[in-house]
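Quick mapping for you: the protein sequence lines, in order, are chains A and B. Going by my numbering, the first residue of the first sequence is number 1, and it counts up by one from there. Going by my numbering, the first residue of the second sequence is number 1, and it counts up by one from there.
Do not rely on the hints blindly, as some may be mistaken.
All copies of an identical chain are treated as equivalent in the list; a pair is satisfied when it fits inside any one copy or across any two copies.
Calculated pairs, PhoX-like style, for lysine-lysine (alpha carbon to alpha carbon, straight line, at most 25 angstroms) [to be verified]:
id	residue 1	residue 2
1	Lys277	Lys307
2	Lys140	Lys15
3	Lys6	Lys91
4	Lys277	Lys311
5	Lys168	Lys110
Note that these hints are calculated values from the structure, not bench results.
There are 2 protein chains.
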Amino acid sequence: MKEVSKLLDYRSDIKVVDATVRDGGLVNDFYFTDEFVSDLYKANIEAGVDYMEFGYKASKKLFDVDKFGKWKFCNDDDIRSIVGENNTDLKIAVMADVGRCDYKNDIAPKSESPIDLVRVATYIHTIPEAVDMIEDACKKGYQASCNIMAISNARESELSAALDILGKTPVDVFYIVDSFGALYPEQLERLADIYLNFAAKYNKKVGIHAHNNLQLAFANTVEAAGIGIDWLDATYSSMGRGAGNCAMELLLGFLKNPKYEIYPVFKFIEKHMTALKENGVVWGYDLQYLMTGLLNQHPRTAIKFTKDARKDYANFYKEIITEEV
Amino acid sequence: MKEVSKLLDYRSDIKVVDATVRDGGLVNDFYFTDEFVSDLYKANIEAGVDYMEFGYKASKKLFDVDKFGKWKFCNDDDIRSIVGENNTDLKIAVMADVGRCDYKNDIAPKSESPIDLVRVATYIHTIPEAVDMIEDACKKGYQASCNIMAISNARESELSAALDILGKTPVDVFYIVDSFGALYPEQLERLADIYLNFAAKYNKKVGIHAHNNLQLAFANTVEAAGIGIDWLDATYSSMGRGAGNCAMELLLGFLKNPKYEIYPVFKFIEKHMTALKENGVVWGYDLQYLMTGLLNQHPRTAIKFTKDARKDYANFYKEIITEEV
Numbered sequence: 001m002k003e004v005s006k007l008l009d010y011r012s013d014i015k016v017v018d019a020t021v022r023d024g025g026l027v028n029d030f031y032f033t034d035e036f037v038s039d040l041y042k043a044n045i046e047a048g049v050d051y052m053e054f055g056y057k058a059s060k061k062l063f064d065v066d067k068f069g070k071w072k073f074c075n076d077d078d079i080r081s082i083v084g085e086n087n088t089d090l091k092i093a094v095m096a097d098v099g100r101c102d103y104k105n106d107i108a109p110k111s112e113s114p115i116d117l118v119r120v121a122t123y124i125h126t127i128p129e130a131v132d133m134i135e136d137a138c139k140k141g142y143q144a145s146c147n148i149m150a151i152s153n154a155r156e157s158e159l160s161a162a163l164d165i166l167g168k169t170p171v172d173v174f175y176i177v178d179s180f181g182a183l184y185p186e187q188l189e190r191l192a193d194i195y196l197n198f199a200a201k202y203n204k205k206v207g208i209h210a211h212n213n214l215q216l217a218f219a220n221t222v223e224a225a226g227i228g229i230d231w232l233d234a235t236y237s238s239m240g241r242g243a244g245n246c247a248m249e250l251l252l253g254f255l256k257n258p259k260y261e262i263y264p265v266f267k268f269i270e271k272h273m274t275a276l277k278e279n280g281v282v283w284g285y286d287l288q289y290l291m292t293g294l295l296n297q298h299p300r301t302a303i304k305f306t307k308d309a310r311k312d313y314a315n316f317y318k319e320i321i322t323e324e325v
Numbered sequence: 001m002k003e004v005s006k007l008l009d010y011r012s013d014i015k016v017v018d019a020t021v022r023d024g025g026l027v028n029d030f031y032f033t034d035e036f037v038s039d040l041y042k043a044n045i046e047a048g049v050d051y052m053e054f055g056y057k058a059s060k061k062l063f064d065v066d067k068f069g070k071w072k073f074c075n076d077d078d079i080r081s082i083v084g085e086n087n088t089d090l091k092i093a094v095m096a097d098v099g100r101c102d103y104k105n106d107i108a109p110k111s112e113s114p115i116d117l118v119r120v121a122t123y124i125h126t127i128p129e130a131v132d133m134i135e136d137a138c139k140k141g142y143q144a145s146c147n148i149m150a151i152s153n154a155r156e157s158e159l160s161a162a163l164d165i166l167g168k169t170p171v172d173v174f175y176i177v178d179s180f181g182a183l184y185p186e187q188l189e190r191l192a193d194i195y196l197n198f199a200a201k202y203n204k205k206v207g208i209h210a211h212n213n214l215q216l217a218f219a220n221t222v223e224a225a226g227i228g229i230d231w232l233d234a235t236y237s238s239m240g241r242g243a244g245n246c247a248m249e250l251l252l253g254f255l256k257n258p259k260y261e262i263y264p265v266f267k268f269i270e271k272h273m274t275a276l277k278e279n280g281v282v283w284g285y286d287l288q289y290l291m292t293g294l295l296n297q298h299p300r301t302a303i304k305f306t307k308d309a310r311k312d313y314a315n316f317y318k319e320i321i322t323e324e325v
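Input sequences plus hints: build the corresponding full structure.
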């Protein structure tokens with residue numbers, strides 16, 4: 001059990017990463033207004049958030065620029081139109097997916113870009129390409145993280161091998177990504193232990209990106225912070241794919257570092273997030289996401305159930321539990 | 001850290017208590033249809049739930065029977081009209097509030113009643129009356145629990161004194177009641193330690209009743225189960241006052257005892273809970289409840305904000321944070 005002094009103190013090496021536009025963009029195909037993104041940028045600065053993820057660096061060879069909002073692609077100029085020279089303490093991040101990012105061409109040298117951090121998202125079986133992307137990003141002058149997705153399906157032996165490979169790269173942060181929202185805190189603790197051991201060996205940091213299928217995104221993030229994980233992802237109003245993510249408003253309420261301010265988050269939510277929901281953008285905890293989380297499945301069936309405006313939860317459960325795997 | 005074997009095993013002394021009608025009744029003044037309560041009773045039996053709380057034993061001297069549904073009063077006859085002789089494994093509970101229950105007159109001897117368990121709800125400063133109610137209930141032949149409310153405001157020294165008094169009564173279970181939904185798992189762990197020590201000394205069980213202001217009702221219940229708390233309260237769709245409670249569907253998904261079945265819960269929710277919400281009964285996590293939870297306040301201001309259909313979250317936060325305490 002923790003000492004009371006630890007409950008009241010804070011670790012100054014915690015970094016809060018706002019992933020609202022990036023993970024939330026998966027819900028509305030990245031069609032955010034410029035006012036939304038600009039107000040979010042300002043709210044993050046006021047709230048003391050450390051990083052703001054603007055979206056993906058998706059390959060324009062694979063994705064049609066006319067079918068998505070601009071934050072699917074995160075051109076440097078589009079980011080600059082929001083942040084100018086970004087003379088603030090808030091750093092700028094983008095996500096680059098293994099296999100879906102033309103990183104050699106689309107990521108310019110850091111000296112020409114407002115971006116600070118490239119978050120490389122990978123499955124455990126695509127680590128070699130992730131390594132190439134990390135090396136490319138670091139050589140260009142960026143910070144890099146490696147976000148290992150669908151971690152609730154990874155075997156410990158493969159995870160250890162992957163972290164040992166990543167440890168030898170210039171990557172700054174290893175991320176636990178609970179894509180299916182399937183981890184209980186006690187399982188997270190075991191996984192984190194593996195990550196933290198390799199992080200100590202290679203002098204890296206560890207981060208967590210949680211999903212809320214079991215209403216545990218915040219609880220798992222709190223658990224993670226308590227056991228030495230420093231990089232914590234959150235989104236305003238939990239906006240994100242499927243059941244959404246750890247809520248920024250919960251996370252900043254929990255963190256005790258006085259540099260974090262919760263009031264700008266409330267103001268932003270009141271102005272923008274309520275309107276998004278009223279305009280029919282749907283995300284967040286619901287039974288169908290609980291079900292895929294419980295079964296440790298990708299949420300795609302639940303997302304379709306949501307899109308189809310179905311309410312026959314019991315039938316849906318029968319469908320996914322009787323499906324051949 | 002727990003052993004893997006502990007993560008995969010289960011404790012057969014866990015008891016799941018369905019508090020939907022009792023805590024949910026605080027949202028709709030106990031106006032549930034007979035079909036709702038009867039279907040809930042059947043769903044609980046099918047799901048393997050251990051106790052079903054039917055409502056309060058509220059004093060008819062203090063409360064107008066015409067202004068509330070019948071489960072505010074839980075007449076034995078009303079319960080019998082649902083459960084008959086209740087020849088099932090599901091046990092029947094009611095709640096009796098200190099100061100609001102005419103227990104000497106309104107609670108009949110167990111031999112005349114379908115009720116099995118009387119849950120005495122008290123604040124820490126009204127323990128002497130709670131003791132009298134517990135002794136009355138046990139003398140009449142019931143099991144009894146003592147549910148200490150607003151526990152996030154209790155001082156450890158007073159809590160220890162209270163548990164030492166309660167330990168000497170015939171009460172069966174000490175309950176942690178996080179009325180304000182203000183506890184983080186690491187704080188819960190410290191509180192539980194005090195409870196578990198007195199429970200061991202006096203051969204009692206410990207229970208938890210959580211609220212979801214910080215989206216931690218389920219996480220705290222899981223944490224509680226992991227450290228030796230046996231009695232776990234939950235409600236279907238989290239229905240309960242303010243931000244609601246630990247969701248039954250999450251809890252049964254987590255518990256590994258094969259006697260618990262989640263499918264009847266999904267069926268009940270699909271049939272009844274969705275309809276309740278569509279008919280305008282409002283409960284569950286929202287920003288105003290997060291705010292009172294963060295500030296460790298009674299949710300009454302947030303409940304009023306909800307009833308008034310206000311959406312000016314930022315103003316509300318200013319109101320409650322600047323209020324004199």
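Do the hints match the structure? See the list:
no.	hint	in the structure
1	Lys277 to Lys307	both (14 angstroms within a copy, 20 angstroms between copies)
2	Lys140 to Lys15	within (23 angstroms within a copy, 58 angstroms between copies)
3	Lys6 to Lys91	neither (28 angstroms within a copy, 42 angstroms between copies)
4	Lys277 to Lys311	both (18 angstroms within a copy, 13 angstroms between copies)
5	Lys168 to Lys110	within (22 angstroms within a copy, 70 angstroms between copies)
Comparing the model with each numbered hint stated earlier shows that hint 3 is the single one that does not hold.
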